[in-house]
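Student: Sequence:
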Amino acid sequence: MFKVGEKIILSDGSEALVVVSDKKKYQNIIIVEFEKKLRVIDRATKSMAYTNQIK
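Per our numbering: the sequence shown = residues -8 to 46.
Calculated from the structure, these hints are not laboratory results.
Incorrect hints may appear among the rest.
[Said to hold, decoys possible] Straight-line Cα separation of at most 25 Å, BS3-like style, residue types lysine-lysine; simulated pairs:
{"id": "1", "residue 1": "K16", "residue 2": "K(-6)"}
{"id": "2", "residue 1": "K14", "residue 2": "K28"}
{"id": "3", "residue 1": "K15", "residue 2": "K(-6)"}
{"id": "4", "residue 1": "K14", "residue 2": "K(-6)"}
{"id": "5", "residue 1": "K27", "residue 2": "K16"}
{"id": "6", "residue 1": "K27", "residue 2": "K14"}
{"id": "7", "residue 1": "K16", "residue 2": "K(-2)"}
{"id": "8", "residue 1": "K27", "residue 2": "K37"}
{"id": "9", "residue 1": "K(-2)", "residue 2": "K14"}
{"id": "10", "residue 1": "K(-2)", "residue 2": "K37"}
{"id": "11", "residue 1": "K16", "residue 2": "K37"}
{"id": "12", "residue 1": "K(-6)", "residue 2": "K37"}
{"id": "13", "residue 1": "K(-2)", "residue 2": "K27"}
{"id": "14", "residue 1": "K(-2)", "residue 2": "K15"}
{"id": "15", "residue 1": "K28", "residue 2": "K(-2)"}
{"id": "16", "residue 1": "K28", "residue 2": "K16"}
{"id": "17", "residue 1": "K15", "residue 2": "K37"}
Given only the sequences and the hints, what does the whole structure look like? Please build it.
Tutor: See the structure below:
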């Protein structure tokens, strides 16, 4: 279980800060702050979810 405020190591070796980790609401993801942006991380693999960002 990930706790809010906890630093975690992602699958690529990067560090991220856990912002949201509510397993009741989001079963397969956690939301982290990575490089001053919010990112969605797959809970099982600790890898970033693909996002199609609009510039």
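Student: Does each hint fit the structure? Answer for all of them.
Tutor: Hint by hint, here is what the structure shows:
1. Annotation: proposed proximity of K16 to K(-6) holds, straight-line Cα distance about 14 Å (limit 25 Å).
2. A hinted pair counts as satisfied when its Cα atoms are at most 25 Å apart, and K14 with K28 qualifies at roughly 21 Å.
3. Distance check on the hinted pair: K15 and K(-6) sit about 14 Å apart at the alpha-carbon level, within 25 Å; holds.
4. Simply put, K14 and K(-6) have alpha-carbon atoms about 11 Å apart, close enough for the 25 Å limit, and the pair holds.
5. Pair hint K27 plus K16 holds up; C-alpha atoms about 24 Å apart against a cutoff of 25 Å.
6. Distance check on the hinted pair: K27 and K14 sit about 23 Å apart at the alpha-carbon level, within 25 Å; holds.
7. In summary, the hint linking K16 to K(-2) is supported, as the alpha carbons are separated by about 21 Å, within the 25 Å threshold.
8. Proposed proximity of K27 and K37 is supported: the alpha carbons are some 18 Å apart, at most 25 Å.
9. With a CA separation close to 17 Å, the supplied pair K(-2) and K14 stays within the 25 Å bound.
10. A distance of roughly 12 Å separates the Cα atoms of K(-2) and K37; the hinted pair therefore holds under the 25 Å criterion.
11. Between K16 and K37, the direct Cα distance comes to roughly 18 Å. Compliance with the 25 Å bound is thereby established for this hinted pair.
12. Under the criterion of a C-alpha separation no larger than 25 Å, the hint pairing K(-6) with K37 is consistent with the structure, at around 14 Å.
13. Restraint check: the Cα-Cα separation between K(-2) and K27 comes to about 14 Å, which is no more than 25 Å; the hinted pair holds.
14. A distance of roughly 21 Å separates the Cα atoms of K(-2) and K15; the hinted pair therefore holds under the 25 Å criterion.
15. For the proposed pair K28 and K(-2), the alpha carbon gap of about 15 Å is at most 25 Å, so the pair holds.
16. Annotation: proposed proximity of K28 to K16 holds, straight-line Cα distance about 21 Å (limit 25 Å).
17. Proposed proximity of K15 and K37 is supported: the alpha carbons are some 18 Å apart, at most 25 Å.
No hint from the list above goes unmet by this structure.
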